[in-house]
Amino acid sequence: MSANWVLKEDEAVELLALLITSARIQMDEPVEYGPLRLLTATERLSGLMLERSSDKTRDFLQENIERIPEMHMIMSDVAAYTAGLDERCRAVAACLLRHSALAEGE
Amino acid sequence: MMSEAVLTNIKTRRVVREMSDEPVERAQIEAILEAARWAPSGGNLRPNRYIVIEDAETRRLIRLVSPGMFQRAPVLILICTNWAVCAEHGLSASDRALLIDVGTAAQTMMLAAHALGLASGPVTSYSKEAVKIILNLPASYSPEMFICIGHKAETVGAGMRPWKKITWRDLTHWERFGK
Ligand SMILES: Cc1cc2nc3c(=O)[nH]c(=O)nc-3n(C[C@H](O)[C@H](O)[C@H](O)COP(=O)(O)O)c2cc1C
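Those protein sequence lines, which keep their order, are chains C and F. Heads up, the first sequence is in this note's numbering, so the first residue is 1 and it goes up one at a time. Heads up, the second sequence is in this note's numbering, so the first residue is 1 and it goes up one at a time.
There may be inaccurate statements among the hints.
[Unchecked claim] To list a few chain C residues with every Cβ distance to chain F over 10 Å, as calculated:
1) 6
2) 14
3) 89
4) 91
[What the hints assert, rightly or not] Under the rule of at most 25 Å between Cα atoms (straight-line distance), these lysine to aspartate or glutamate pairs were calculated in the DMTMM-like manner:
5) F:132 / C:9
6) F:152 / F:25
7) F:128 / F:54
8) F:132 / F:57
9) F:128 / C:77
10) F:128 / C:86
11) F:152 / F:30
12) F:128 / F:55
13) F:165 / C:77
14) F:164 / C:29
15) F:132 / C:14
16) F:165 / C:70
17) F:152 / C:70
18) F:132 / C:11
19) F:132 / C:29
20) F:165 / C:29
21) F:164 / C:9
22) F:164 / C:86
No lab work stands behind these hints, which were simulated from the structure alone. Even glycine gets a Cβ: it sits at the ideal position worked out from N, Cα and C.
The shape of chain F in the complex, shown without the other chains (with noise of 0.2 Å):
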């Protein structure tokens, strides 16, 4: 019989914006970005990098500058795309490969991060040319989603509630449209 393991993992996966400041072990988070390395990549290209933020007041000038970062995590793991190794294969900035990229790094990273016992939650609202110049990033870096890795909070809110309830019914259609 298959294992369960992994469907279990993904349904049971939260964002978390409410974290303790106990600290995450070197090796737990070598484990997510060697679990970020094996995400399936356009062309194999593999033109994310990752940069991992430990550091408190880097993390608080992050988070003075990224209005949609609620948590207060002890780690921080921005992903970024390297244009240099776009250039080199000819892949413009408009190539949408690049962004499902940074996805299915995103959720390779995060489900790592559940599967550890550790709480995730995805960034993407902040200003990136702030980021750029607190972090000295290099021109060819752009700065496309942090991942906030911690521990969840003993005490937490309610979280937000979804528009709407959504299976995954609502979100398919099967064969062709018009019949």
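Extracted from the complex, chain C is given alone in its bound form (with noise of 0.2 Å):
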């Protein structure tokens, strides 16, 4: 666990305006503009903690995050789109797993 501030408040602010206006502007939009907003909130968010992370959060971060727009080219193809997603969801999993006081000593 660490108690590491990776934000400052006004990238907070920031990243709190596109959540909040992603919110809103789903309402008028195609379903599928739904994760294709949260990912551009989850590279927003990786972007800002890049510096400040620790290594076994930058390592997620950089080899996870960092590939998202290369997500959004793929949109169309909904099972190379779906897989793309679960590949960072085992991913987000193991690094949580290296955070967890669960995984230690493993």
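Dock chain one against chain two, each of which comes alone in its own frame, and use the hints as you go.
Laid out in structure tokens, this is it:
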């Protein structure tokens, strides 16, 4: 567990703006855009975190999140898009375990 | 023989979502705005108003409330509907011609930008309420669409793949239905 701050107040407000405006515009937009907006927010957060993260988080961000823009290109290929999201879900679970007492000593 | 220049311009324009920092000349921005003036308008009422945003901090704030604006464009042109003009002519807010006016202006500006060697991209995925506050818009202006204008970045990703390949034939029906 880490007590490091990885966001400045302005950065947090900017991320919040992205999330709340995404929620609003999603009311008028195609359902497929929902994941796109969440991924855009994920990328933004990752970009802000990178400099100030511990090694174990940074590796995860660089390997998984920095490559998210590639996924926007394949939105229309639902199977490939879903597989890409699954891959990142596995990676984030592994990252959570690295941060957790559960996996200590493994 | 008819010139192919206009058709080629129409067919080769693509939305650009990655732009460089290179500024756009004032004369080019004005040429794009002048082109919009010649777009067709329902009843020739011209309810559109254009707001040009070059200031870096204002553009940054707009991007923060525009999840669908992937570009960091040096120039934003916001197409607004001016309700005061509509009220003068008894047009209701639900009149779809108003949005068609936004569309004709948008496409005209993007084609003009393309003809000038500039890149462009439309954006409607933003919070209207947030944009009104950031730009301090008069109450009668409703912000309908941004046109991002700039220069295409040197290295550009592959772009979004289309949902499926479409030709004009897929979109067209000839004559009466049911025959
Ligand atoms: C009404 C309208 C709204 C649009 N909104 C956005 C937007 O918010 N963000 C974006 O990146 N592209 C937006 N676009 C661009 C379309 O995604 C784009 O035109 C389409 O994918 C076809 O690409 P092309 O114009 O390069 O052929 C919009 C286009 C239209 C006509």
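Verification of the hints:
1. Annotated as non-interface, residue 6 of chain C keeps its C-beta farther than 10 Å from every C-beta of chain F; the closest such distance is 19 Å.
2. The claim that residue 14 of chain C lies off the interface is violated: its Cβ sits roughly 5 Å from the closest Cβ of chain F, which falls inside the 10 Å cut-off.
3. No beta-carbon of chain F comes within 10 Å of the beta-carbon of residue 89 of chain C; the shortest separation is about 22 Å.
4. Residue 91 of chain C, annotated as away from the interface, keeps every beta carbon of chain F farther than 10 Å; the closest lies near 22 Å.
5. Simply put, residue 132 of chain F and residue 9 of chain C have alpha-carbon atoms about 24 Å apart, close enough for the 25 Å limit, and the pair holds.
6. Taking the CA atoms of residue 152 of chain F and residue 25 of chain F, the gap is about 15 Å. The hint holds against a cut of 25 Å.
7. A threshold of 25 Å between alpha carbons decides the hint, and for residue 128 of chain F with residue 54 of chain F the separation of about 19 Å falls inside it, so the pair holds.
8. With a C-alpha separation of about 16 Å, the suggested pairing of residue 132 of chain F with residue 57 of chain F holds against the 25 Å cut-off.
9. A threshold of 25 Å between alpha carbons decides the hint, and for residue 128 of chain F with residue 77 of chain C the separation of about 31 Å lies outside it, so the pair is violated.
10. Taking the CA atoms of residue 128 of chain F and residue 86 of chain C, the gap is near 34 Å; set against the 25 Å cutoff, the hint is violated.
11. This hinted pair checks out: residue 152 of chain F and residue 30 of chain F have alpha carbons roughly 19 Å apart, not beyond 25 Å.
12. About 19 Å separates the Cα atoms of residue 128 of chain F and residue 55 of chain F, which keeps this hinted pair within 25 Å; it holds.
13. Of the supplied pair hints, the one linking residue 165 of chain F and residue 77 of chain C holds, its CA atoms being roughly 13 Å apart against a limit of 25 Å.
14. At roughly 19 Å between alpha-carbon atoms, residue 164 of chain F and residue 29 of chain C fall within 25 Å of each other, so this suggested pair holds.
15. For the hint pairing residue 132 of chain F with residue 14 of chain C, the CA-to-CA distance comes to about 17 Å; that is within 25 Å, so the pair holds.
16. Note on residue 165 of chain F and residue 70 of chain C: the hinted pairing holds, with a Cα-Cα distance of about 20 Å set against a maximum of 25 Å.
17. A threshold of 25 Å between alpha carbons decides the hint, and for residue 152 of chain F with residue 70 of chain C the separation of about 19 Å falls inside it, so the pair holds.
18. Under the criterion of a C-alpha separation no larger than 25 Å, the hint pairing residue 132 of chain F with residue 11 of chain C is consistent with the structure, at around 22 Å.
19. For the hint pairing residue 132 of chain F with residue 29 of chain C, the CA-to-CA distance comes to about 20 Å; that is within 25 Å, so the pair holds.
20. The straight-line distance between the Cα atoms of residue 165 of chain F and residue 29 of chain C is roughly 22 Å, inside the 25 Å bound, and the hint therefore holds.
21. With a CA separation close to 43 Å, the supplied pair residue 164 of chain F and residue 9 of chain C exceeds the 25 Å bound.
22. A threshold of 25 Å between alpha carbons decides the hint, and for residue 164 of chain F with residue 86 of chain C the separation of about 24 Å falls inside it, so the pair holds.
Checked against the numbered hints given earlier, this structure breaks hints 2, 9, 10, 21; the rest are met.
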